[in-house]
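Enquirer: Sequence:
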Amino acid sequence: MNVFILCVAALFLLAWVIYLKLEVGVLSQKVDKLAGLLKRYLKDKTSDVEVTRELDVWGKKDKK
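Using the numbering used here, the letters of the sequence shown correspond one by one to residues 1 to 64.
Do not rely on the hints blindly, as some may be mistaken.
[Said to hold, decoys possible] Taking CB as the label site, the calculated pair distances span:
no.: 1; residue 1: L38; residue 2: F4; range: 31 to 39 angstroms
no.: 2; residue 1: L37; residue 2: L14; range: 34 to 42 angstroms
no.: 3; residue 1: A35; residue 2: N2; range: 47 to 55 angstroms
no.: 4; residue 1: V8; residue 2: L42; range: 45 to 53 angstroms
no.: 5; residue 1: D44; residue 2: I5; range: 53 to 61 angstroms
no.: 6; residue 1: K33; residue 2: N2; range: 30 to 38 angstroms
no.: 7; residue 1: K33; residue 2: F4; range: 40 to 48 angstroms
no.: 8; residue 1: Q29; residue 2: I5; range: 33 to 41 angstroms
no.: 9; residue 1: Y41; residue 2: V8; range: 42 to 50 angstroms
no.: 10; residue 1: C7; residue 2: D32; range: 36 to 44 angstroms
no.: 11; residue 1: L22; residue 2: M1; range: 26 to 34 angstroms
no.: 12; residue 1: F4; residue 2: Y41; range: 51 to 59 angstroms
[What the hints assert, rightly or not] Using 30 angstroms as the maximum straight-line C-alpha spacing, the simulated DSS-like pairs for lysine-lysine come out as follows:
no.: 13; residue 1: K30; residue 2: K45
no.: 14; residue 1: K39; residue 2: K21
no.: 15; residue 1: K45; residue 2: K33
no.: 16; residue 1: K33; residue 2: K21
no.: 17; residue 1: K30; residue 2: K43
no.: 18; residue 1: K43; residue 2: K33
Don't read these hints as lab results, they were simulated from the structure.
No experiment lies behind these values; they were computed from the predicted model shown.
C-beta atoms are modelled at their ideal positions from N, C-alpha and C, and glycine is treated no differently.
Turn these sequences into a full structure, and let the hints steer you where they fit.
Expert: The structure is reproduced here in structure tokens:
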């Protein structure tokens with residue numbers, strides 16, 4: 001009886017690990033898609049002249 005319970009528990013653990021692997025794959029695809037959308041959005045937003053000037057100044061200290 002104990003062997004049967006351990007085998008069933010091992011099968012559930014294996015099924016859970018396979019399910020988690022599939023979820024990681026789906027989430028990885030979603031992250032890649034969102035990263036592409038973000039890059040495209042930032043490319044569109046940084047092409048504006050006013051934003052480009054602000055980005056050029058970003059990180060430079062004021063000269064006194």
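Enquirer: Against the structure shown, which of the earlier numbered hints fail to hold, in ascending order?
Expert: Failing hints, ascending: 1, 6.
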